[in-house]
Amino acid sequence: KAGVTQTPRYLIKTRGQQVTLSCSPISGHRSVSWYQQTPGQGLQFLFEYFSETQRNKGNFPGRFSGRQFSNSRSEMNVSTLELGDSALYLCASSLGTGDLDTQYFGPGTRLTVL
Amino acid sequence: AQSVAQPEDQVNVAEGNPLTVKCTYSVSGNPYLFWYVQYPNRGLQFLLKYITGDNLVKGSYGFEAEFNKSQTSFHLKKPSALVSDSALYFCAVRDFGYSSASKIIFGSGTRLSIRP
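Chains as they are written, first to last, in the numbering used here: chain A, 401 to 514; chain B, 6 to 121.
Same shape as in the complex, but just chain A (with noise of 0.2 angstroms):
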């Protein structure tokens, strides 16, 4: 069964701008959670979704936005690029049947702004 893939796996933004990150999860999960990484912050929880809907949500501002398809499939979208969004983001699939399941994460997106 494949993995929790992302795209792209790298990308380069400068401030101001807008950038879309992808998640497809692995076959048969319906629950996507995205998760940013820092070196001064470590892992954020950022949020999740659950059969199209935002079930959960971090504390980031509101440039930080998501969505999920019909398919599972998710888009996290960063508006307004500041320098401090640079990180590795991580998306995560689980089954979604309930809160003990196991989350597996992606390969994840480094994004670098400029």
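For the record, the hints were derived by calculation from the structure and aren't laboratory data.
Predicted model, so just to flag it, every value in this text is computed and none were measured.
We put the beta carbon where it would ideally sit given N, CA and C, even for glycine.
A hint or two may mislead.
What the hints assert, rightly or not - Derived, one-sided and incomplete: chain B residues facing chain A with beta-carbon distance under 7 angstroms:
#1 44
#2 49
#3 51
#4 56
#5 58
#6 108
#7 113
#8 116
Use these hints to put chain B onto chain A, whose structure you have.
Leaving out everything else, chain B in the frame of chain A:
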């Protein structure tokens, strides 16, 4: 709110020796704890989880973790370290909010270095 702490930024072990990566937790209610490993330029890989039952949890790649309720700890262990175990290890806990939705809270990570 739930939290986990990894008191060591770095752990150095000789190959063949046992290794321990420490994690302590703070939760209200039952703890649901996880260990993940991250290799360079890779995402996180699930190692093991504790939900209930035996205090010794066995996971992938020969790793195991010991849940200790009285010490609120969930240390990761391996009897004999391999050079290929060198990576960044994260302890994590499920954080159940006021709704049924939950998220994972990660520790700061411990870099494990195994010398030949």
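Status of each hint after checking the structure:
{"no.": "1", "hint": "44", "verdict": "violated, 10 angstroms"}
{"no.": "2", "hint": "49", "verdict": "holds, 4 angstroms"}
{"no.": "3", "hint": "51", "verdict": "holds, 6 angstroms"}
{"no.": "4", "hint": "56", "verdict": "holds, 6 angstroms"}
{"no.": "5", "hint": "58", "verdict": "violated, 12 angstroms"}
{"no.": "6", "hint": "108", "verdict": "holds, 4 angstroms"}
{"no.": "7", "hint": "113", "verdict": "holds, 5 angstroms"}
{"no.": "8", "hint": "116", "verdict": "violated, 12 angstroms"}
Of the numbered hints stated above, those contradicted by the structure are hints 1, 5, 8, listed in ascending order.
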